[in-house]
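**Student:** Hey, can you work out the whole structure from these sequences and the hints?
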Amino acid sequence: MTALSLSLVVPWAAGLVLALLDGRRRLVGWVAVCVLGANLGALVVLAAAVLPDDPVVVTTGNWPAGVGITLRADALGVLFALLSSLALLSATVFEVLEGVRERTFPGLVVLLAAGLTGVFVTGDLFNFYVFFELAMTAGYVLATYGGGRRELGAALVFTTVNLLGTFIFLLSVAGVYHVTGTLEMSGIAARMDEVDANAAVLLAAGFFVAFSVKLGLFPFHFWLPTVYTGARPAVAAILSGGLANIGAYGLLRFGGELLPGELDLAAGALIVIGSASILYGGVLAVSRRTASEMLAYSAIGQVGYVLVAIGVGGPVGFAAAILYTVVNALNKTLLFLTAQMRGALAGATFALGALSVAGVPPAAGFVGKLELFRATAGSPALVALFVLGSALSFVYAFQTYQYDFWRGERRGRRSSAPSRASSPRSRSSSSRWACGRSRCSR
Amino acid sequence: MSVILEVVCPRLLGPAAMVAAAIIVKGYSDVGDGFSAGVVVALAVALRYVTLGAERAERSLPVLRHAPVLAVAGLLLVLAIGFFPVAFGEPPLTHFPRAGEPVVEIGALELTTAVALDVGIFLLVAGALVETIHQIARLVEERRA
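Chains A and B supply the protein sequences, listed in that same order.
Here my numbering is used: position 439 in the first sequence is 439, and no number is missing along the way.
Here my numbering is used: position 62 in the second sequence is 504, and no number is missing along the way.
Derived by calculation from the structure, the hints in this document are not laboratory data.
Ideal Cβ positions, reconstructed from N, Cα and C, are used throughout, including at glycine.
It is possible that part of the hints are untrue.
[Stated by the list, open to error] Just a few of them, taken from the derived set where beta-carbon distance is under 7 Å, the chain B residues facing chain A:
1. L521
2. F525
3. V528
4. P533
5. P534
6. L535
7. T536
[Said to hold, decoys possible] Beta-carbon label-pair distances, calculated as ranges:
8. R585(B) with V57(A): 48 to 56 Å
9. E583(B) with V57(A): 49 to 57 Å
10. R585(B) with A319(A): 51 to 59 Å
11. R586(B) with R407(A): 54 to 62 Å
12. L156(A) with F530(B): 40 to 48 Å
**Tutor:** Structural data, given as structure tokens:
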């Protein structure tokens, strides 16, 4: 219980204090890193308590169940909290080493960590929304980080679309309370069977749309490329490696635990949407010339695998979805951070991430892909789709690697828009591949 | 701007603070809490900004410039009150003294940790709203200039 409370209150309180300080000072940045480290440490202790035994459940204020707010840390929640915390920590270390540009950055990242931890360890639907909103609000402000025109444009798109997603989520939460009379997740799961089937399907669709917007799945992806290419590398890593985990967690928690009947009903649709996402993301990522654009479309494709695995369902499908989400979040954090760096070590790290995205054996991505193949072993069409998707990932990841790290045509960091607009033109003239595509990449 | 408005509005802050204090206190037996008390005070402050203008309002009441600090201090107080029971092995948001135990009294006022929690919420809400008003006032004056 202490570890659970500490993992929440430490980043929350420290984030508030850090928000008042000038984050551009190196010391403040390192304090933020220490706080995120402490959060990660508390989560590790919590995981050590949760994984072998039962979930840790705390009802605030010793109120009877149903009255007090329930905090509930189980294996799934703790895993996602650990993952997000790790992504945030890496991105913050990166940015502090680079030199923080705005005074609010360290405080916001730490508050985001508090929100994410809260989302993953709450057992109460409304509380989920509150922490969700805390994390998202920090995310909206973080998306403006850098303060340039491009960043502000990206932040506007990100905020508008995600506010709509959150609104749909809140409507669904209200709907759930209306039909079940409780906001406690275990209570909802127990009472959902007696709910009118039409209402349940409507609620499930609402949650699905809300979390798909967050994940950037195919029909809801339109905001994602603008935001991930417009934001600074550290922020893109935080958004895709940390914040996007809410989407995958939500689909697993709400689909698998609260609305399992509706998930079965929609399994076919999920597999179709997931497949479309894989193909769309893969094909567009191949056609992109800059690393950040490639990664943005790759993100759309990669979450497609997660959705297909959830659609397949059952213990094997859910395990594959969880494993793939973990691997994907780690890949994205690594790639977004290294894509703008140059040098042999950065190149090797990027190659490792690229191997992982493609699912080639020495990298972690292989394990994720292996589980996916195991989950879909019964369906030749899905196996073929995964092979095609992996081949596309291999092409786009190493194409970017080749351009950025081998040929050395793009040296240094492109920090401002004008230099970015002029450099691809000179590049494309020298490359056989880019002739036909240079037009569509801009 | 009428003279009455200019004379009355700045003097409304005192009664508003009094009403806010009453709302916090009666929250334990009646309708009321720190949130609505914060909104009441912020409304009185907003009226001051409207009548005096941002510059004069903040010069006459320098604490307004420190609204963000007040908001953060309030939230820190809430977190401290909410989570300190964890140190004693109790779940978060447990309040002391518990039901049936003797309470510290000041006149008719009974002090529990829940009151401190509401004071924290009051500071957070009032601070955040005043800061919002300050930013809006700044935008308006920039546009006018």
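**Student:** All the hints need checking, so say for each whether the structure fits it.
**Tutor:** Against the structure, the hints come out as follows:
Below 7 Å, beta-carbon pairs count as interface contacts, and L521(B) has one with chain A at about 5 Å; its hint therefore holds. Of the supplied interface hints, the one on F525(B) holds, with its beta-carbon coming within about 4 Å of a beta-carbon of chain A, less than 7 Å. Using the Cβ-Cβ criterion of 7 Å, the hint placing V528(B) at the interface with chain A is satisfied: the shortest such distance is roughly 4 Å. Evaluation of the P533(B) hint against chain A yields a held restraint, the C-beta minimum of about 5 Å falling below 7 Å.
Evaluation of the P534(B) hint against chain A yields a held restraint, the C-beta minimum of about 5 Å falling below 7 Å. Restraint check, L535(B) versus chain A: the minimum CB separation of about 4 Å is within 7 Å; hint holds. With a cut of 7 Å, the hint placing T536(B) at the interface with chain A holds, because the nearest CB-to-CB distance is about 5 Å. In this structure, R585(B) and V57(A) meet the distance hint of 48 to 56 Å, their C-beta atoms being roughly 53 Å apart.
Distance hint check: the CB atoms of E583(B) and V57(A) are about 52 Å apart, consistent with the given range 49 to 57 Å. For the pair R585(B) and A319(A), the beta carbons lie near 57 Å from each other, so the given range of 51 to 59 Å is met. For R586(B) paired with R407(A), a C-beta distance near 55 Å keeps the hint of 54 to 62 Å intact. Between L156(A) and F530(B), the C-beta spacing of about 47 Å keeps the proposed range 40 to 48 Å intact.
No hint from the list above goes unmet by this structure.
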